[in-house]
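A.B. asks: In case you want the letters, here they are:
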Amino acid sequence: MKEDVAVIGVGQTNFTRDCGMSVRELCFEAYKDAAQGLNLDPKDVDASIIASAPEYDKQRTPAALVSEYLGFSPSPTFYLETVCSSGTTGVRVGYSLIKSGLHDIVVMVGFQKMSELDSRIAAQVMGRGDDTMFSSPFGTTMPGGHALYAQAHMDAFGTSEEQMAKIRVKNSFYGSQNPKANYKKRLDLESCMNADLVCTPLKKFDCCANCDGASAVILASADKARKYTDKPIWIMGTGMATSELNWSSRASLTNFDSVRNAAKSAYEMAGVGPEDINVAEVHDCFTISEILAYEDLGFAKTGEGGKLIDEEATYHTGRIPVNVDGGLLSKGHPIGGTGGSQVRTIVQQLREECGDSQVKDAKIGLVQNVGGVGTYANVIIFGRD
Amino acid sequence: MDFGNFGVVNFTKQAKSVAFVDYLAEGKLMGTVCKKCGKKYFPPRMDCAQCLDSEVEWFEINSKGKLITHSTVNFGPSGFEEVQPYTLGIVEFPEGVRVLAKISKKIDPATIKAGMELRPVPQKLNEERLTYEFEV
Chain A
-5 MKEDVAVIGV GQTNFTRDCG MSVRELCFEA YKDAAQGLNL DPKDVDASII ASAPEYDKQR
55 TPAALVSEYL GFSPSPTFYL ETVCSSGTTG VRVGYSLIKS GLHDIVVMVG FQKMSELDSR
115 IAAQVMGRGD DTMFSSPFGT TMPGGHALYA QAHMDAFGTS EEQMAKIRVK NSFYGSQNPK
175 ANYKKRLDLE SCMNADLVCT PLKKFDCCAN CDGASAVILA SADKARKYTD KPIWIMGTGM
235 ATSELNWSSR ASLTNFDSVR NAAKSAYEMA GVGPEDINVA EVHDCFTISE ILAYEDLGFA
295 KTGEGGKLID EEATYHTGRI PVNVDGGLLS KGHPIGGTGG SQVRTIVQQL REECGDSQVK
355 DAKIGLVQNV GGVGTYANVI IFGRD
Chain B
894 MDFGNFGVVN FTKQAKSVAF VDYLAEGKLM GTVCKKCGKK YFPPRMDCAQ CLDSEVEWFE
954 INSKGKLITH STVNFGPSGF EEVQPYTLGI VEFPEGVRVL AKISKKIDPA TIKAGMELRP
1014 VPQKLNEERL TYEFEV
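Chains A and B, in that order, are what the protein sequence lines are. Those letters in the first sequence? Residues -5 to 379, per my numbering, in order. Those letters in the second sequence? Residues 894 to 1029, per my numbering, in order.
Keep in mind the hints are simulated off the structure, nothing from the lab. Do not take every clue at face value.
Below, a list of computed lysine-lysine pairs in the DSBU-like style, where the Cα atoms sit at most 30 angstroms apart [what the hints assert, rightly or not]:
1. A:Lys295 to B:Lys998
2. A:Lys198 to B:Lys932
3. A:Lys301 to A:Lys178
4. A:Lys93 to A:Lys225
5. A:Lys295 to B:Lys959
6. B:Lys906 to A:Lys52
7. B:Lys932 to A:Lys258
8. B:Lys1006 to A:Lys301
9. B:Lys906 to A:Lys198
10. A:Lys301 to B:Lys959
11. A:Lys354 to A:Lys258
12. A:Lys178 to A:Lys37
Please build the complete structure, drawing on both the sequences and the hints.
C.D. replies: Here it is as structure tokens:
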């Protein structure tokens, strides 16, 4: 095991609509949760990375404000964005700041407060995540973009609406056990299949919901990590890649090339393969996204992602447990807050703190966090001592 | 014309590629091709990243292409309240480019299938606004 950079703390707020807090207060809640029990003085934080998507923010340049509120000033802070994958991009950059020797302790705080925008404006803001000159003029949306991939995957491989619904049934089962999830109701196959169409072939329960939330990840060099915790979780590999922003410019509409490239880098760096992963958190902003992730991460062959859920292989007792915290589908998806929440779950799994959804003997975990419609991808592999 | 005349909603006013909108007004959907390396671009771009060159020519996309994928959007962004539901499609043309646009409401959504042949048809949305959609 490479012991360069460790995660020593993870935390998140409840993910919820209308959270009743301001952005700075949300970030405080997430950091407080992450720093619980560490006895870490805010002045010992060498740098902070604040991850979010600016189009939802009213505050200009929120990094300094969050740094001030958490007591980190005057150490360096900066804002970082790759839309929905901002949080894990923050973890990757934090890793490199420590690995380079520049800093010993780096905090990533990711947040989004989405409930202050009405849903049509939010749809427009999100649609501007496709090419604003040539695609947004046609009314592209984030669900619409994923629906184009879903339809292409169904046509190419026979993936079914029922298989997509089964993803939500699984994630709602685990969401019902997660006290921080926005959507705690368990859903059965029938209610998923009979839900209203948002954009064909995706129905209401195939889609995650906008919400408010923040998460925090505290990273430390090996020496410092041992000082603060006896359960450091090591970053074994980090891969990142990008696909064309404009969907029509992409070679494939049945997989995310960005994820495949990021996964390749992360596996190589960690010296492991998909068969070595004991538990994974993947970016299920839509049910089809989780099926694509199964294939792009190598858990299933291309075109066979749907079979994995048919076989229930991704439940916590299965061959490759995925999103056993409810996923974005049930937890909710506060853009900048999402990646840190995924890291939190994997770290808790590797520390064996997950109660009913604990995966037995989990030693290596993977986080896959995607920004936009497969536009940015981060894959990070974690291991325990 | 400025670029903002393109589409139901647009976020760009000035662009070197504004001729794209002028061509639409003439009833033509155009892409660009780099004069130096011959790479074809759609959406059109006035700069070739490979050659770091900005000498491009326009070419027309007017053949029938094959539908790659499609989705009918029931809940659109602000500005699209009056036009929803609408069906988006990505079509691959023999000219070597893929194009995203709305599929015409003249086509029964139940008959829309991957592989069907569609052609781009430039249209006036009103006196000022231009777009194109796919028809059979």
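A.B. asks: Each hint should be assessed against the structure and marked as holding or not.
C.D. replies: For each hint, the structure was consulted:
1. A:Lys295 to B:Lys998: violated, 37 angstroms
2. A:Lys198 to B:Lys932: Roughly 41 angstroms separates the two Cα atoms, so the pair is violated.
3. A:Lys301 to A:Lys178: holds, 26 angstroms
4. A:Lys93 to A:Lys225: With Cα atoms ~19 angstroms apart, A:Lys93 and A:Lys225 stay inside 30 angstroms; holds.
5. A:Lys295 to B:Lys959: Judged against 30 angstroms, a Cα distance of about 27 angstroms means the pair holds.
6. B:Lys906 to A:Lys52: holds, 24 angstroms
7. B:Lys932 to A:Lys258: holds, 29 angstroms
8. B:Lys1006 to A:Lys301: holds, 24 angstroms
9. B:Lys906 to A:Lys198: violated, 35 angstroms
10. A:Lys301 to B:Lys959: holds, 29 angstroms
11. A:Lys354 to A:Lys258: Measuring from Cα to Cα gives roughly 26 angstroms; hence the hint holds.
12. A:Lys178 to A:Lys37: Violated, at roughly 38 angstroms.
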